[in-house]
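Each chain is listed here by its residues.
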Amino acid sequence: MNHPLEPDFAELIERVAGSHDKAAFAALFHHFAPKIRSYLRRLGVGDTMADDLTQEVMLSVWRRAGQYDRRLAAPATWVYTIARNKRIDALRRDRGAETSLDDTIEQEPDDAPLSDEIAIARQMREKVLVAVDALPPDQARLLKVFYFEEKSHSVIAEEMELPLGTVKSRLRLALAKMRTLMNMND
Amino acid sequence: MDMDDVRQELLMAFAAGRLAEPVTLAIATHVALNPKAHAVVRAYEELGGRFLEELEPEPLPPGSLDAVMALLDTPPVTPRPRTGIQQDPSIPPVLARYLPAPIDQLPWKRLGPVAEYPLLKEVAGYKTQLLRIQAGRKVPQHTHDGNELTVVLRGAYGDGIGHYARGDLSVADGSINHQPKADEGEECLCLAVTDARLRLTGTLGRLLNPFIRF
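So the sequence lines, in the order shown, correspond to chains A and B.
Anchor point for the first sequence: position 138 equals 1518 in my numbering, and the numbering is continuous, going up by one each time.
Anchor point for the second sequence: position 17 equals 441 in my numbering, and the numbering is continuous, going up by one each time.
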C-alpha cells in the first residue's frame, strides 16, 4: 500500500516503459535504490559490491520496465525479484558461471492465458498478504527473517533470545498456517 | 515429513532466493511449466516486496544516480549465449541456458531403460541430471540417501505414490522406496536433482542451504 504522499510507483515504471521518462526513473531510484542496498547488505553483500549491484538492479528497472505489469505484481515486488536475481547471478559469477538467471527466471508458464494468470495472481497475492497478517507477529517476523534475511535457525534463536527448538517449531507452525490460510492443500 | 509441506517450503525459499543452484534450477523449471506453482511463487514474492518496503533505506555514495543515468541510453552489451535449444518447446528457457546442445544431440549415457545427462557437475553435494525413461519402462528400484526432486518435462511417469506429468514436481526423501515407471506410448524426459548426503528429517536440510555456501 502506498503512503498517500508517495508517488504512484507503478505509474512511474509505466512512464519509464512508455516514454523513457528519466525524471520518473530518478524518482524510482531515490525510493528504491537505498532499499535495495539495504536488502543486499542484510544478505551479507559487501559495501562496494552492494553499491555496484544496486546500480545494476536499477539499470534493469530501466531496461525492463516494459515487462512490468501492475496487474501481476506490486512495484516493490517487481523490484525485489530483480534484486534477488541479480544477487544470485553475482554469486554464480563468483563461481565462474556465465548463464544469467536474471532475465530467464520470470517466464510465463505455458498454456496459461494472461487473463487467467492475472486472476490467479491477484487471488494468491491477496491470500498471502491476508495470511501473513493473520500470523502472530512473532511468527510473521520469523518467516521474514528466515527466508529473506538468510539467517540460520541458530542465529535467529540467539537474536530473539529463544531456545532453538522454539524457533524451529514456530517456523514450522507459521509455514503450516500460511499453507492452510492460502488453501493450498489440494 | 509431509511432502506438501516440503513443496510449499521450496516455493517460499525459491521466492526468497535462498535455494542452492541445482534446487533453484529444478524449482524454476517447475514454476515455468506450472501456472499454479508460479502463482504461489508470485504470492511469496509479495512478501519479499513488502519486506523490501519495510527496510531502512541505506544511502548510496554520492554520484550513484548520475552514474546510472549516464548508462541509460547505452544498449545492453551482454552477449546472450544461444544454443538453438530455445526452439524446443518442452524445455523452458531457464533450463535451456544450461544445455550446450538440443536434447537429441546431448551426450546421453544409457543405462538400460534410462539415459542420463549430467548438469551442474561443478556444484558439490548435488547430483543434477536430465533423465530419459523409455516409454513403459521402469527405473530400477531405488531409495535415496538424500532427497530427490523431479520435474517432468515431457511424457509422464508414476511411482506407486503419485502420477506426474509435464510441469509436475515430485519430492521424494530417503524413506521412499519407489520405482518410477514411464507411461506407455511416450518416453519421459525429466530433470532430477538429488541431494546425495542428507535425509529429510523434519527440516529441508541441504535443500535450503543458502546459495552463498557454494
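Fair warning: there could be bad hints in the mix.
[What the hints assert, rightly or not] Straight-line distance between alpha carbons at most 30 Å, and here's what the computed DSS-like set of lysine-lysine pairs gives:
#1 B:K533 with A:K1531
#2 B:K551 with A:K1548
#3 B:K533 with B:K460
#4 B:K605 with A:K1557
#5 B:K605 with B:K562
#6 A:K1531 with B:K551
#7 B:K460 with A:K1524
[Said to hold, decoys possible] Pairwise CB distance ranges (calculated):
#8 A:G1424 with B:A589: 18 to 28 Å
#9 B:D497 with A:D1427: 48 to 58 Å
#10 B:D429 with A:E1538: 37 to 47 Å
Source of the hints: derived by calculation from the structure; they are not laboratory data.
Even glycine gets a Cβ: it sits at the ideal position worked out from N, Cα and C.
Do the hints match the structure? See the list:
no. : hint                            : verdict
1   : B:K533 with A:K1531             : violated (40 Å)
2   : B:K551 with A:K1548             : holds (28 Å)
3   : B:K533 with B:K460              : violated (33 Å)
4   : B:K605 with A:K1557             : violated (35 Å)
5   : B:K605 with B:K562              : holds (4 Å)
6   : A:K1531 with B:K551             : holds (26 Å)
7   : B:K460 with A:K1524             : holds (23 Å)
8   : A:G1424 with B:A589: 18 to 28 Å : violated (40 Å)
9   : B:D497 with A:D1427: 48 to 58 Å : violated (28 Å)
10  : B:D429 with A:E1538: 37 to 47 Å : violated (26 Å)
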